[in-house]
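S.K.: Sequence:
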Amino acid sequence: MEKWVIVNPAAGRGKVGRLSGAILKAARAEGARAFLTEGPGHATELAQRAPEGARVVAVGGDGTVHEVLKGLAGTGKVLGVVPIGSGNDFARMLGLLGLPWPKALELALHAPEEAVDLGWVNGEPFGASLGIGFDALVAKKALSAPPFLRGMPRYLYALFAVLKELSLPEARVLVDGEEVHRGRMLLLAAMNGPMYGGGIPIAPMADPGDGRLSVVLAGEFSRTGVVLILPRLLLGRHLSHPRVRAYAGQEVAVEFAHPVPAHADGELLPEASLYRAEVRPLGLRVVGGRAGARAGGLVPEPAGT
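Read in UniProt numbering, the sequence shown has 83 at position 83, and its numbers run on one by one without any break.
Just so you know, these hints were derived from the structure itself, not from any lab. Don't take every hint at face value.
Unchecked claim - Keeping only pairs whose Cα atoms sit at most 27 Å apart, straight-line, the calculated BS3-like set for lysine-lysine is:
no.	residue 1	residue 2
1	LYS70	LYS141
2	LYS164	LYS70
3	LYS103	LYS141
4	LYS140	LYS15
5	LYS164	LYS140
6	LYS141	LYS15
7	LYS141	LYS25
8	LYS25	LYS70
9	LYS103	LYS164
10	LYS25	LYS140
11	LYS15	LYS25
12	LYS141	LYS164
Said to hold, decoys possible - Label pairs and their computed distance ranges (CB to CB):
no.	residue 1	residue 2	range
13	GLY41	GLU271	18 to 26 Å
14	PRO100	ALA257	45 to 53 Å
15	ARG280	PRO100	20 to 28 Å
16	GLY31	ALA257	32 to 40 Å
17	PHE160	PRO40	24 to 32 Å
18	SER240	PRO146	50 to 58 Å
19	ALA29	PRO242	51 to 59 Å
20	GLY39	ASP210	35 to 43 Å
Since we're looking at a predicted model, the values are computed, not measured. Glycine included, C-beta positions come from ideal geometry on N, C-alpha and C.
Starting from the given sequences, assemble the full structure and let the hints guide the process.
M.R.: Printed below as a string of structure tokens:
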């Protein structure tokens, strides 16, 4: 089995770049082919070039993982992750955070494989999260956040910046063909993992192996309402709010009168007025995740830290 390691030197606000020499050397010492990405889209190209059945290891954050995932989704290739990024929610889903990069690389190259659910939206795969509406605006704003902000502080900075111009679109939402919402909507999250935005537990009930998308829908909120629910959201206690509802299903459709932003794993999608999402149960083979951590006798970082 070939092993490819794809290193994004821009990830983690340049942290990966500073470590790239050591990472490349360590990967090659383990017999892997190791590559530095040269710009947006290059990780996808490299993952596509890897031979069928290869282990393809993404070194970076959620953006790097998403690019690599686009290059191997629907194939027999296996995804490994060395989380050195700003958000790392896919790694959180797999129980990888808290590992030093040499141990994470060792697991990605040698640990047992397992399967997790794979999401698709409008023809594009996602690993941990799909967000439509307000949180996608926040993800877009986060791209221009000060470079010293990472993870949840970065998300919160962007959230309050977007809140100043809050405008809610009218939406129609169907889960497994049944209409569950018609009216103004703050956001909808369709999740394989429990967290997005650098550790925000938007869907604490989500399980990446249950064959369903966990859907969290927030209806009409004022600016004040968003601010007031935020502490509950950060604690994962927002689901009891009367304007927040949770569903689970294999297919989700969200319709708008005009294009609305969305993100997959924190990466912005082309704006659309219709989003169709589905889950392919156990459709993604991963390594160095929950099974790998157990096999290595490791105690991963608790969720949300």
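S.K.: Evaluate each hint against the coordinates.
M.R.: Outcome of the hint check:
1. Between the alpha carbons of LYS70 and LYS141 the distance comes to roughly 23 Å, so the proposed pair stays at or under 27 Å and holds.
2. Between LYS164 and LYS70 the CA atoms are separated by roughly 34 Å; this puts the pair beyond 27 Å, and the hint is violated.
3. About 33 Å separates the Cα atoms of LYS103 and LYS141, which puts this hinted pair outside 27 Å; it is violated.
4. Taking the CA atoms of LYS140 and LYS15, the gap is near 22 Å; set against the 27 Å cutoff, the hint holds.
5. Between LYS164 and LYS140 the CA atoms are separated by roughly 15 Å; this keeps the pair inside 27 Å, and the hint holds.
6. For a cut-off of 27 Å, the pair hint linking LYS141 to LYS15 stands: about 21 Å separates their Cα positions.
7. Distance restraint check for LYS141 and LYS25: the Cα-Cα separation of roughly 36 Å exceeds the 27 Å cut-off, and the hinted pair is therefore not satisfied.
8. Distance check on the hinted pair: LYS25 and LYS70 sit about 26 Å apart at the alpha-carbon level, within 27 Å; holds.
9. Straight-line distance between C-alpha atoms of LYS103 and LYS164 comes to about 43 Å, which puts the hinted pair past the 27 Å bound.
10. A C-alpha spacing of about 35 Å is found between LYS25 and LYS140, which places the hinted pair above 27 Å, so the restraint is violated.
11. Straight-line distance between C-alpha atoms of LYS15 and LYS25 comes to about 16 Å, which keeps the hinted pair within the 27 Å bound.
12. The hinted pair formed by LYS141 and LYS164 meets the criterion: a straight-line CA distance of about 12 Å does not exceed 27 Å.
13. Under the hint 18 to 26 Å, the C-beta atoms of GLY41 and GLU271, about 19 Å apart, fit the expected range.
14. The beta-carbon spacing between PRO100 and ALA257, approximately 49 Å, falls within the hinted interval of 45 to 53 Å.
15. The supplied range of 20 to 28 Å is broken by ARG280 and PRO100, whose beta-carbon atoms lie about 33 Å from each other.
16. Between GLY31 and ALA257, the C-beta spacing of about 54 Å breaks the proposed range 32 to 40 Å.
17. A beta carbon spacing of about 27 Å between PHE160 and PRO40 agrees with the range 24 to 32 Å that was offered as a hint.
18. SER240 and PRO146 have their C-beta atoms about 34 Å apart, which leaves the hinted 50 to 58 Å range violated.
19. Distance hint check for ALA29 and PRO242: the Cβ-Cβ separation is about 56 Å, which falls inside the suggested range of 51 to 59 Å.
20. Evaluation of the 35 to 43 Å hint for GLY39 and ASP210 yields a pass: the beta carbon distance comes to about 37 Å.
Violated hints, listed in ascending order, are 2, 3, 7, 9, 10, 15, 16, 18; each of the other numbered hints is respected by the structure.
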